[in-house]
Amino acid sequence: MNGFTIVWDNRDVLLSGFANTIALSAIAAVVSLVLGALLAMALMARSKAARIGATVYVDAMRCVPFLLLAYLIYYGLPSFGIRMSNWTSGLIALIVYNVAYMAELLRAAWANLPKESIEAGHAFGFHGLKLVRRIILPPVFFAAVPMIGNQTIQIIKDSAFLTIIAVAELTQAAMAIQTTYFVPFASFVAAIALYWITCMAIETGVAFVGRVAKARQ
Amino acid sequence: MTWYDVYAIFQGAVFTVSISLASIVIGLPLGLGFALIRWSSVPVLDRFVVVYVSVIRASPAVTLALLIFFALPVVGISLGAVTAAVVTLTLSTAAFNTEIWRGALMSFPREQLESARAFGMTRGLRFRRIVFPQLVHSALPALVNEMTLQVKSSPAIAVLGLVDITRAASRVGARTYDPLPPFVVALVLYSLIVAVFVMTQRLIERRRAAEMEALR
Numbered sequence: 000m001n002g003f004t005i006v007w008d009n010r011d012v013l014l015s016g017f018a019n020t021i022a023l024s025a026i027a028a029v030v031s032l033v034l035g036a037l038l039a040m041a042l043m044a045r046s047k048a049a050r051i052g053a054t055v056y057v058d059a060m061r062c063v064p065f066l067l068l069a070y071l072i073y074y075g076l077p078s079f080g081i082r083m084s085n086w087t088s089g090l091i092a093l094i095v096y097n098v099a100y101m102a103e104l105l106r107a108a109w110a111n112l113p114k115e116s117i118e119a120g121h122a123f124g125f126h127g128l129k130l131v132r133r134i135i136l137p138p139v140f141f142a143a144v145p146m147i148g149n150q151t152i153q154i155i156k157d158s159a160f161l162t163i164i165a166v167a168e169l170t171q172a173a174m175a176i177q178t179t180y181f182v183p184f185a186s187f188v189a190a191i192a193l194y195w196i197t198c199m200a201i202e203t204g205v206a207f208v209g210r211v212a213k214a215r216q
Numbered sequence: 000m001t002w003y004d005v006y007a008i009f010q011g012a013v014f015t016v017s018i019s020l021a022s023i024v025i026g027l028p029l030g031l032g033f034a035l036i037r038w039s040s041v042p043v044l045d046r047f048v049v050v051y052v053s054v055i056r057a058s059p060a061v062t063l064a065l066l067i068f069f070a071l072p073v074v075g076i077s078l079g080a081v082t083a084a085v086v087t088l089t090l091s092t093a094a095f096n097t098e099i100w101r102g103a104l105m106s107f108p109r110e111q112l113e114s115a116r117a118f119g120m121t122r123g124l125r126f127r128r129i130v131f132p133q134l135v136h137s138a139l140p141a142l143v144n145e146m147t148l149q150v151k152s153s154p155a156i157a158v159l160g161l162v163d164i165t166r167a168a169s170r171v172g173a174r175t176y177d178p179l180p181p182f183v184v185a186l187v188l189y190s191l192i193v194a195v196f197v198m199t200q201r202l203i204e205r206r207r208a209a210e211m212e213a214l215r
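Protein chains in written order, with numbering that gives the first Met the number 0: chain E, 0 to 216; chain G, 0 to 215.
Hints should not be assumed to be uniformly reliable.
Coverage of chain G stretches by chain E, computed from C-beta distances (three or more under 8 angstroms per stretch; other residues unrestricted) [what the hints assert, rightly or not]:
1) 18–32
2) 90–97
3) 164–177
4) 186–199
The set of hints was computed from the structure by calculation and includes no laboratory data.
For each residue, glycine too, the CB sits at the ideal point set by N, CA and C.
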């Protein structure tokens, strides 16, 4: 039990890592959801070029492991003269990767949307972007909330990979405590406990939104 | 980048494939076992499975690998890096497989079980002859999807100092100061691996469809 006392004494290290994980994941989740919605529009667009371009991007991201992309952004971009801190490169990697997944899950929800509501929107004179924004996206978001929640959990798990490019997130903090005090069990168990609590919180949030959506109907 | 570098990344691919296959081969039956524990609500054990699935689903593979590699020696179990990697990937894929198998079990038609019981089949026989053959096919798409996710989370073992596709590619990139070509090679290799899984799934599904057609 001694190990847990040491981790508790170093809780500021662990918590600042945790705060970084939360910040990275939260920003990545929000930005990739917004960009993912735009990409989903491209996936569902009438123009063939937009569709093909978006599909190639989504498929490429679905074939790459996250760490490989993070490596490419962290080590690759400097040779094009773009220099960023590892925190920023990590965040950009998270966004670039998850935009594809968000777009794909929104597309799936969009494809399942009943045709009638879109036709009714047409009948009421909604067209183009206005139709998408006012009629299509709101129900798509509500239908996709469970998948968005899952993807957010995936983002949090992906963010742990960033420890390999030395971003000071939760796993990195646990590793720092373990290398200083040799308390591997306590520090990694503490880290996993924090990840677990976060995911439980997201799942609770998703269930809550689900109830709200049901009440609205 | 020389041909030798391509060969080095290819060797990483062999490692990625073998370590992923090992965890899939162990993780599939393990997940089925856990799912059966929950399905038949074995007392106490099924609570353990619930907690296990919930915790593993939430833990990143990197953190899990570190825990298994660095923490198990504290309780007297010392694993080599490769074994620790296989254990990590197996534990994580088994948790996801548990949920997939359980989902398939939950949607299994009750009437079939009842009629099998009416024919006097024992519990084990019912499972072997009636449930399992159909379960495999209904769970297959989700299982294959999980396998491809597994291949993509396998670079996590880089924290244990093992060299898989991603690590090999990043090494070549670091040495040549030109990360794009090794990245493309790695991308192609990962796509090939994922494609093999998906194609095998389609093959099994086509065969199954043909069998069902022949039965009619």
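Do the hints match the structure? See the list:
no. : hint    : verdict
1   : 18–32   : violated (count 0)
2   : 90–97   : violated (count 0)
3   : 164–177 : holds (count 8)
4   : 186–199 : holds (count 4)
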